[in-house]
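*Asks:* Given next are the chains, with one letter for each unit.
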Amino acid sequence: MTKLRPRFSRKLLAIPYALFLAIFVVVPLLIIVYYAFTDADGSFTFDNIAMFFSGSGSDSFFESAQFKTIMQSLFISFMSTLICLLIAYPVAYIIATCKLKNKSGLLLLFIVPMWVNFVLRVNALKELLDWIGIYNKSNGWNLFNTILGMVYDFLPFMILPIYTTIIKIDKSYLEAARDLGAGGAKTFLKVTLPLSKAGIMSGVSMVFLPSMTNYVVSNYMTFNHTKIIGSFIDECFKNDLWNMGSVTALLLLTLMFFMTWATGGFNAQEDAGRRGTSLW
Amino acid sequence: MKKPLICALVAAIAATGTITIVATKDDRPVLKVANWAEYIDMGDDEEGTKPLYEEFEKWYKKKTGKEIRVEYCIADDNETLYNMIKMGDHFDLICPSEYMIMKLAAEGRLQKLPESFYDTDNPDNYYAKYVSPYISSVFENNYIKDDPWSEYAAGYMWGTTGFVYNPELVNEADMTSWNVFTNPAYKKKTTAKNNIRDTYFVGLAMYYEEQLKALKSQYTGGTLSFAEYQTELSRLMNDTDEKTMSGVKKVLKSITDNLYGFETDEGKNDMIAGKITVNYQWSGDAVYIMDVAEGFYEEEEVENPVKLNYAIPDTVSNLWFDGWVIPKDCENVEAATAFINFLSMPENAVRNMNYIGYTSCIAGETVFEDYVLDCYEANEDETDIIEYDLSYYFGEGYALTAPAEQAYRQLFAQYPTEETLARCVAMQYFDRDANTRANLMWSDITFF
Numbered sequence: 009m010t011k012l013r014p015r016f017s018r019k020l021l022a023i024p025y026a027l028f029l030a031i032f033v034v035v036p037l038l039i040i041v042y043y044a045f046t047d048a049d050g051s052f053t054f055d056n057i058a059m060f061f062s063g064s065g066s067d068s069f070f071e072s073a074q075f076k077t078i079m080q081s082l083f084i085s086f087m088s089t090l091i092c093l094l095i096a097y098p099v100a101y102i103i104a105t106c107k108l109k110n111k112s113g114l115l116l117l118f119i120v121p122m123w124v125n126f127v128l129r130v131n132a133l134k135e136l137l138d139w140i141g142i143y144n145k146s147n148g149w150n151l152f153n154t155i156l157g158m159v160y161d162f163l164p165f166m167i168l169p170i171y172t173t174i175i176k177i178d179k180s181y182l183e184a185a186r187d188l189g190a191g192g193a194k195t196f197l198k199v200t201l202p203l204s205k206a207g208i209m210s211g212v213s214m215v216f217l218p219s220m221t222n223y224v225v226s227n228y229m230t231f232n233h234t235k236i237i238g239s240f241i242d243e244c245f246k247n248d249l250w251n252m253g254s255v256t257a258l259l260l261l262t263l264m265f266f267m268t269w270a271t272g273g274f275n276a277q278e279d280a281g282r283r284g285t286s287l288w
Numbered sequence: 149m150k151k152p153l154i155c156a157l158v159a160a161i162a163a164t165g166t167i168t169i170v171a172t173k174d175d176r177p178v179l180k181v182a183n184w185a186e187y188i189d190m191g192d193d194e195e196g197t198k199p200l201y202e203e204f205e206k207w208y209k210k211k212t213g214k215e216i217r218v219e220y221c222i223a224d225d226n227e228t229l230y231n232m233i234k235m236g237d238h239f240d241l242i243c244p245s246e247y248m249i250m251k252l253a254a255e256g257r258l259q260k261l262p263e264s265f266y267d268t269d270n271p272d273n274y275y276a277k278y279v280s281p282y283i284s285s286v287f288e289n290n291y292i293k294d295d296p297w298s299e300y301a302a303g304y305m306w307g308t309t310g311f312v313y314n315p316e317l318v319n320e321a322d323m324t325s326w327n328v329f330t331n332p333a334y335k336k337k338t339t340a341k342n343n344i345r346d347t348y349f350v351g352l353a354m355y356y357e358e359q360l361k362a363l364k365s366q367y368t369g370g371t372l373s374f375a376e377y378q379t380e381l382s383r384l385m386n387d388t389d390e391k392t393m394s395g396v397k398k399v400l401k402s403i404t405d406n407l408y409g410f411e412t413d414e415g416k417n418d419m420i421a422g423k424i425t426v427n428y429q430w431s432g433d434a435v436y437i438m439d440v441a442e443g444f445y446e447e448e449e450v451e452n453p454v455k456l457n458y459a460i461p462d463t464v465s466n467l468w469f470d471g472w473v474i475p476k477d478c479e480n481v482e483a484a485t486a487f488i489n490f491l492s493m494p495e496n497a498v499r500n501m502n503y504i505g506y507t508s509c510i511a512g513e514t515v516f517e518d519y520v521l522d523c524y525e526a527n528e529d530e531t532d533i534i535e536y537d538l539s540y541y542f543g544e545g546y547a548l549t550a551p552a553e554q555a556y557r558q559l560f561a562q563y564p565t566e567e568t569l570a571r572c573v574a575m576q577y578f579d580r581d582a583n584t585r586a587n588l589m590w591s592d593i594t595f596f
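Protein chains in written order, with our numbering: chain A, 9 to 288; chain B, 149 to 596.
No lab work stands behind these hints, which were simulated from the structure alone. Positions of the beta carbon are idealized from the N, C-alpha and C atoms, including for glycine. It is possible that some hints are incorrect.
If you want a taste of the chain B side facing chain A, the calculated C-beta under 10 Å gives, among others [what the hints assert, rightly or not]:
no. : residue
1   : E227
2   : Y230
3   : L407
4   : K416
5   : E553
Model the full structure from these sequences, guided by the hints.
*Replies:* Laid out in structure tokens, this is it:
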């Protein structure tokens, strides 16, 4: 009887996802590539890239809006990621290692804000800052507020993956380290931290890219004063400059690819996958 | 065991699909209209009226005996509408702003209105009959390549741009100058618009301040005719060459620190809440802000209404309008023009104005009496009154007695004086090269 049944391979389960990936990731990406390398009439050209790097008006590239926007975005997202990490790691560590029975309840406290629409949250934060009196006061404050908004928004994305890796660390490693004479700090640095690297890498990649492009946050937090690369791309598409917008999006993608590669992000994901600890 | 389940699922999906198809089956031909949000009278249950686009279906059936179903769509803004059309979305009638009409027409995406549309002998041509003489002269004297605007577009709503301000918190003399943006007295108290075009216009007006003043004195001195003045203004305010643009960029960079920020809609609330004292605004929204601030929409009388004013800078200002145009792929031009004419019936224009708060391009006795007099005529016991002349808009002899304050308030925002409109010009669309440069410049000035 069993021989008559059609063979059901587990691989078949991947088909819906593969289809989804093809339709909503690969095809749009190809469209972006198409627009990045064509001009308004649809003929092949490198002009868009050249234009992106040629600066605007009399300014050189390093004085141009494109370059400054990229640098500013990198700074904002670097700071946001760093601050998120500095806050998230201790939080995740404390929740994962505390003696409380109901750890998930505690974790929930950090996830609940995500259930509220983020535009609403950012708007509330804006009103709060206005009430304190630091909203839209100066460019310095604008930058600060943008980073604050990003951290506020993306913190749960950093906490969750770190938490899941820490909680899955085999306790016997820690006991072994202690048996062999390592103190608390040394155990943490030599065992816990390296073993939670996969979670950190997941968290970093979950925060870094969005905070480079989430212009809703920067627009709300600075009354449209501070520009990030996301707003630049948005304005290109809005104002009928699809080719320029596509080039910028493609460059951003390349930049992110190299950064992930340079920081060993791909390997970390692989390790995590092997151990079955990767959640994201 | 799995198969029956899947079969059942497939059957269920197929069944729902069929049901939906049956439910929406409607043989009536469709007229697909795209307009802005809150930009048509949506009717009132208490008065027994329906949204105007639904009432059009009945009216059209009665007039022509033909069935029609209006599919009414909302577009976010001109740029989104343009992208939709470029991506191949089909519409029969759309309502973009003047620069987008020019861009669409120049790219050959629009068809001209049929000649019969302007035939005043046909009693159903309400647009041709009731359009304001001022609007029709503007539409005759502005061109898309070699064709006047009127060949493509029928005006819907129009207005100017200017400053909404709180007269108690500002020096009113400052409000007629573009330099309000650099004036340290209003540091972090003014807003500009968060789009390239409106802000570029501001930059040009400040960049060309001297030339604009000289032109104005030539015009008022009589050495320049009205037509010449308009041509010169239009030339200056549509200058996009590289040298001008980098000059404008410097000007705009110098104002960003003084500004509270760039806004699209948030400015209305901030102005009403008193967070800012000067708001660069489109006249239609200015009317709304003034109405809300003085408690027009409140159920009960407000004790201390905040009275805000509207001013148009004295060197130049932007004249804008939204107009109905017919895209190339429209097949039912007759129904499309009938829709324009239906909206141009004076009573419908009044309904629209009451609902939207913008100024309709339609004039005529009914509009004047049922709207202008209804809203703005002074009560008999009022003493501080002025004579407000609207003959340029409604025709010979039309004037009203209004409360004196209305010379700076809603009446002025809705129907500026003829003298004010002499210094208002429309802005052309940016060509491809200028568009690219303008975008980069915009990113640069809004970058801190």
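*Asks:* A separate judgement is required for each hint: does it hold in the structure or not?
*Replies:* So, going through the hints one by one against the coordinates:
1. E227: Holds, because the Cβ-Cβ distance from E227 (chain B) to chain A comes to roughly 4 Å (cut-off 10 Å).
2. Y230: Holds, because the Cβ-Cβ distance from Y230 (chain B) to chain A comes to roughly 6 Å (cut-off 10 Å).
3. L407: holds, 8 Å
4. K416: For K416 (chain B), the interface hint is violated, since the closest Cβ of chain A sits about 14 Å away, which is over 10 Å.
5. E553: Nearest chain A Cβ about 31 Å off; hint violated.
Checked against the numbered hints given earlier, this structure breaks hints 4, 5; the rest are met.
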